[in-house]
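J.: If you want the building blocks of each chain, they are given just below.
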Amino acid sequence: MKKYMTSGLLAATTLTTPAMAEDSVEVLHWWTSGGEAAAVSVLKDALEAKGVTWNDMPVAGGSGEAAMTVVRSRVTAGNPPTSVQMLGYDILEWASQGALSNLDATAEAEGWGDVVPEALQFFAKHDGHWVSAPVNVHSTNWVWTSGKIMEELGVTEAPSDFVGLLDIAKRAQDAGYIGIAHGGQPWQEATVFDSVAIATGGLDWYKKVFIELDAEAINSDIMVTALENLGAYRELVDDNFSGRDWNLATAMVITDKAAFQIMGDWAKGEFVNAGEVAGEDFQCWRVPGTEGAVTFNADQFAMFNVGDDRKPAQAEMASSVMSPEFQVAFNIVKGSVPARIDVSDEEFDACGRKGMADLKAANEGGTLVGSQAQGHANIPAVKTAFSDAITAFFNGELTAEEAAEEMADTVAIAQQ
Amino acid sequence: MLKRYLPQIVITPGTLLVAAGVYGFIGFTAAISFTDSKILPSFNYVGLRNYENLFKLKAWDIAVANLLTFSVFYIAICCVLGLLLAILIDQKIRAESVFRSIYLYPMALSFIVTGTAWKWFLDPGIGLESVMHQFGWASFEFNWIKEREFALYTIVIAAVWQTVGFAMALFLAGLRGIDSEMLKAARVDGAKILQVYRRIIIPQLGYTFVSVMVILVYNAIRTYDLIVVMTNGGPGRATWLPSVFMYQYTFTRNQMGIGAASAVMMLALIAVIVIPYFWWELKSQGKQK
Amino acid sequence: MTRRKKFSTTAMIQKAALYFSLLLFAFLFLMPMYVMLVNSVKPLEEIQAGGMMNLPWNWTLEPWLKAWSTAQIGVEPTGLRPYFWNSILMVVPAVTVSTLLGAVNGYVLTHWTFRGHKIIFLMMLGAVFIPYQIALIPMARMLGVFGLAGTILGLVVVHTLYGIGFTTLFFRNYYVAFPDDLMKAAKVDGAGLFRIFFRIILPASTPIIIVTVIWQFTNIWNDFLFGVSFADFDSFPMTVALNNLVNSSTGVKEYNVHFAGAFIAAVPTLLIYIFAGRYFVRGLMGGSVKG
Numbered sequence: 001m002k003k004y005m006t007s008g009l010l011a012a013t014t015l016t017t018p019a020m021a022e023d024s025v026e027v028l029h030w031w032t033s034g035g036e037a038a039a040v041s042v043l044k045d046a047l048e049a050k051g052v053t054w055n056d057m058p059v060a061g062g063s064g065e066a067a068m069t070v071v072r073s074r075v076t077a078g079n080p081p082t083s084v085q086m087l088g089y090d091i092l093e094w095a096s097q098g099a100l101s102n103l104d105a106t107a108e109a110e111g112w113g114d115v116v117p118e119a120l121q122f123f124a125k126h127d128g129h130w131v132s133a134p135v136n137v138h139s140t141n142w143v144w145t146s147g148k149i150m151e152e153l154g155v156t157e158a159p160s161d162f163v164g165l166l167d168i169a170k171r172a173q174d175a176g177y178i179g180i181a182h183g184g185q186p187w188q189e190a191t192v193f194d195s196v197a198i199a200t201g202g203l204d205w206y207k208k209v210f211i212e213l214d215a216e217a218i219n220s221d222i223m224v225t226a227l228e229n230l231g232a233y234r235e236l237v238d239d240n241f242s243g244r245d246w247n248l249a250t251a252m253v254i255t256d257k258a259a260f261q262i263m264g265d266w267a268k269g270e271f272v273n274a275g276e277v278a279g280e281d282f283q284c285w286r287v288p289g290t291e292g293a294v295t296f297n298a299d300q301f302a303m304f305n306v307g308d309d310r311k312p313a314q315a316e317m318a319s320s321v322m323s324p325e326f327q328v329a330f331n332i333v334k335g336s337v338p339a340r341i342d343v344s345d346e347e348f349d350a351c352g353r354k355g356m357a358d359l360k361a362a363n364e365g366g367t368l369v370g371s372q373a374q375g376h377a378n379i380p381a382v383k384t385a386f387s388d389a390i391t392a393f394f395n396g397e398l399t400a401e402e403a404a405e406e407m408a409d410t411v412a413i414a415q416q
Numbered sequence: 001m002l003k004r005y006l007p008q009i010v011i012t013p014g015t016l017l018v019a020a021g022v023y024g025f026i027g028f029t030a031a032i033s034f035t036d037s038k039i040l041p042s043f044n045y046v047g048l049r050n051y052e053n054l055f056k057l058k059a060w061d062i063a064v065a066n067l068l069t070f071s072v073f074y075i076a077i078c079c080v081l082g083l084l085l086a087i088l089i090d091q092k093i094r095a096e097s098v099f100r101s102i103y104l105y106p107m108a109l110s111f112i113v114t115g116t117a118w119k120w121f122l123d124p125g126i127g128l129e130s131v132m133h134q135f136g137w138a139s140f141e142f143n144w145i146k147e148r149e150f151a152l153y154t155i156v157i158a159a160v161w162q163t164v165g166f167a168m169a170l171f172l173a174g175l176r177g178i179d180s181e182m183l184k185a186a187r188v189d190g191a192k193i194l195q196v197y198r199r200i201i202i203p204q205l206g207y208t209f210v211s212v213m214v215i216l217v218y219n220a221i222r223t224y225d226l227i228v229v230m231t232n233g234g235p236g237r238a239t240w241l242p243s244v245f246m247y248q249y250t251f252t253r254n255q256m257g258i259g260a261a262s263a264v265m266m267l268a269l270i271a272v273i274v275i276p277y278f279w280w281e282l283k284s285q286g287k288q289k
Numbered sequence: 001m002t003r004r005k006k007f008s009t010t011a012m013i014q015k016a017a018l019y020f021s022l023l024l025f026a027f028l029f030l031m032p033m034y035v036m037l038v039n040s041v042k043p044l045e046e047i048q049a050g051g052m053m054n055l056p057w058n059w060t061l062e063p064w065l066k067a068w069s070t071a072q073i074g075v076e077p078t079g080l081r082p083y084f085w086n087s088i089l090m091v092v093p094a095v096t097v098s099t100l101l102g103a104v105n106g107y108v109l110t111h112w113t114f115r116g117h118k119i120i121f122l123m124m125l126g127a128v129f130i131p132y133q134i135a136l137i138p139m140a141r142m143l144g145v146f147g148l149a150g151t152i153l154g155l156v157v158v159h160t161l162y163g164i165g166f167t168t169l170f171f172r173n174y175y176v177a178f179p180d181d182l183m184k185a186a187k188v189d190g191a192g193l194f195r196i197f198f199r200i201i202l203p204a205s206t207p208i209i210i211v212t213v214i215w216q217f218t219n220i221w222n223d224f225l226f227g228v229s230f231a232d233f234d235s236f237p238m239t240v241a242l243n244n245l246v247n248s249s250t251g252v253k254e255y256n257v258h259f260a261g262a263f264i265a266a267v268p269t270l271l272i273y274i275f276a277g278r279y280f281v282r283g284l285m286g287g288s289v290k291g
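Chains as they are written, first to last, in this note's numbering: chain A, 1 to 416; chain B, 1 to 289; chain C, 1 to 291.
You may find that some hints are simply not true.
[As the list claims (entries may be wrong)] In silico DSS-like cross-links for lysine-lysine, where the CA-CA straight-line distance does not exceed 25 Å:
no.	chain 1	residue 1	chain 2	residue 2
1	B	Lys283	C	Lys253
2	C	Lys15	B	Lys92
3	C	Lys118	C	Lys184
4	A	Lys170	A	Lys148
5	C	Lys66	B	Lys184
6	A	Lys257	A	Lys50
7	B	Lys3	C	Lys66
8	B	Lys192	C	Lys15
9	B	Lys119	C	Lys118
10	A	Lys257	B	Lys119
11	A	Lys170	A	Lys257
[Unchecked claim] Output of the computed footprint for chain B on chain C, the stretches with three or more beta carbons under 8 Å from beta carbons of chain B:
no.	region
12	15-25
13	48-60
Bear in mind the hints are in silico, worked out from the structure with no lab data behind them.
Just so you know, these numbers come straight off a predicted model, no measurement behind them.
We put the CB at the ideal spot given by N, CA and C, even for glycine.
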């Protein structure tokens, strides 16, 4: 209420400022598909109910690649959007350029610090100041299985290790199905490798390689073994995988053509959209060998340093993003887990509840780590240095040894 | 006074725009390539480090090697096919303008549009291969876009399809500009049509060939949208070109210094091809006047 | 007698081969267009059932209507319609200004030469070869400085700038072949630079103007990179909206709507090629890129 009054006062005193600019936000995002757009609309409606106009600036494609170019040119031009959908280290890099707003006032008033997991705060704060409002927490170490095929194969629960998982794919192949639904794009191959790495080398090794960038751990026998495990996975993929979008791979599981897909929990949105029920038509397992660990990534709305006349609307937006109502409504549609751990899991399905419980446990047990594939383990230059080598290996351009060596070389360059 | 310098004054606005927007920006990029710029331009001088790193990166080697392969096939096919189409159309055929429009129309479309269509068409799951299977040719295989060794050639196909019409138009213009008396004389002499083309017409198309080549080389170096839409560099990184490399490093990997270094290398490559052309253009300017 | 007969049979065969090749190539060139067109008038289920080349069983214009006015572009279900307008507002001035500047430049560089005109011409020629990506960051800064960031006017300036190289080249090569005598006579009569330009040169430039307009129109209309980098939420051109429509990252891909949208985006340029295409080759013959 107090905030309304001050912003009302501001509006009354600064008569020269056009009212338009004051009460509108411009939001750059790449959530353009039906389900996602519907989820964003929830936010738009909430803001419009408060009298803030939503100016939509969607830039689709390449999981945000085009959008990141746009941010750069907009910031360079001195005309940044109010807010940009952003991931992990991108936020921190922009913050270190001084391009982001300070949201401390809103964050303190609403007590964000108490409800957002520490690991997530790392990406939402810069120099101790809030610069970004987290929307959700995704995690990448999930397996999504076809209920029908599992039943046919007599699989009732998750296997105990990664080899067991590949064994299910083999049996599915023998039964005439496609073993693994895989989308052949660098980021998807890297996403699978998140899980393979933990299943092979353990969580500590994962941290050493992807977060601490220990050169010896990168070009090591364990890495070669991990890549070979990815190679074993590769053998169980159909021929037509290259270039396939992740959601088309998910569709192969939904239509019971393939046994399972290893993918982040955004895949669940596709199952839900197709009218499937968690635990019956499909199952969600943590990737065998990675139980207990959660490799997360979080979508956030980074708030850019706009003119003072646009700041009140920006604060309104940050507050709406963090409201429990939006966090629940959005994440049910999106398949992810709310970014605050204090909201009720009542409205979520079995997989959503498992995700929320896992997140809480991992947060407390210290096994919540940033996903390398999704840019939450290190800066984008390092992320792509890894995924280049992973995808080159996956497509047969490099052997496992060569790939491990290239990783070490390019990661060193990326750190300069 | 004003009148005396009017030509210079008239040409100034365009010249200034180009000087700033083209040469100024080239200078800026060159400057950035010697700095440690990451997410935004910075001006910390780091010497040749970006170039050293660039040459260490395997992705750059691949991109350059791909550009060579791509250019050779793309240019050769465009030249041969463009000339062939122009010659076919030049045979005083019926409905000439219909055929010409058909060969030319892909140029009117954006790569975003045609790339989508080609991606679809070449996908073995839904495209040509599956259609052939439906017609009962079960062993038909065409999965190049999915194969690391062949994906680049699918880009060649789409690029040729899109731009060969322009080569045709230029050749056609060249053919129409040839002295018809000489042709008549040759025909009267009873020379066979193939001989007429080989001995008399094609040698006269020298200038056209140069124009076509320069435009094609330039197209090849700049090819970007098509790749992003069709393969996005994949499978793996089998279809990376320097243009893709530069965009990736500058805009999505936050390694603007290396991106700028690769841009300078691209510009150098363009210069190698274009400067002889400039020289030749200047020389012939005097001749024509 | 027999020899003559034989000759005409070969001629027949030659003719048949000629038309066969022409038709074969026409078929190959039209194929992707056919695929797009035929799938844009099919219900989605038919596409999913396979049979890319089949004619639809149920013809429907629904995808076209949807792409035009109700498809989701981001959060708003606006279809491509508002962006179509943005593109028009951008293309028309950009083409006009760059063509005019090109004409004036080409004219001065050929008929009012001064010391250093060759350098200027080479500069313009060099501009043709710049890869646009390197311009993004510095251009963004420039637009910001001049207060043009995120406006249609900003896009007009950018497209004009990177069009001048081509337009100058086209006009210069056309005017090089222009008879000098006429010019000299006019100059002797005391006609000035602009007077000669408007009275003599411009009226004789129709073919090259058409070539230039076609070239500029298609390039600017189809541009994606500048549009996406320099536009605001209210100044997006068509290509950016189309990309948003086609590249949605999740959910069912509505291929029929995508193809219809792609077609709608291509209609203006296609029309120009179909109606002005004949002048294109004629204009090129006129020496635009030198024959």
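J.: Each hint should be assessed against the structure and marked as holding or not.
T.: How the hints compare with the structure:
Restraint check for Lys283/B and Lys253/C: the C-alpha separation of about 55 Å exceeds 25 Å, so the hint is violated. Distance restraint check for Lys15/C and Lys92/B: the Cα-Cα separation of roughly 11 Å lies within the 25 Å cut-off, and the hinted pair is therefore satisfied. Between Lys118/C and Lys184/C the alpha-carbon distance is near 21 Å, which keeps this suggested pair within the 25 Å criterion. For a cut-off of 25 Å, the pair hint linking Lys170/A to Lys148/A stands: about 16 Å separates their Cα positions.
A distance of roughly 58 Å separates the Cα atoms of Lys66/C and Lys184/B; the hinted pair therefore is violated under the 25 Å criterion. Distance hint between Lys257/A and Lys50/A is unfulfilled; the C-alpha atoms sit about 47 Å from each other, more than 25 Å. Proximity of Lys3/B to Lys66/C is assessed by CA-CA distance (about 58 Å); at most 25 Å being required, the pair is judged violated. Between the alpha carbons of Lys192/B and Lys15/C the distance comes to roughly 15 Å, so the proposed pair stays at or under 25 Å and holds.
Restraint check for Lys119/B and Lys118/C: not satisfied, since their Cα atoms lie roughly 45 Å apart, outside the 25 Å limit. Straight-line distance between C-alpha atoms of Lys257/A and Lys119/B comes to about 23 Å, which keeps the hinted pair within the 25 Å bound. Between Lys170/A and Lys257/A the alpha-carbon distance is near 14 Å, which keeps this suggested pair within the 25 Å criterion. Only residues whose C-beta sits within less than 8 Å of a C-beta in chain B count toward coverage, and the region 15-25 of chain C has 5 of them, enough to reach three; the restraint holds.
Requiring three or more residues with a Cβ within less than 8 Å of a Cβ of chain B, the coverage given for the region 48-60 of chain C holds, as 4 such residues are present.
In the structure shown, a violation is registered for the earlier hints numbered 1, 5, 6, 7, 9, in ascending order.
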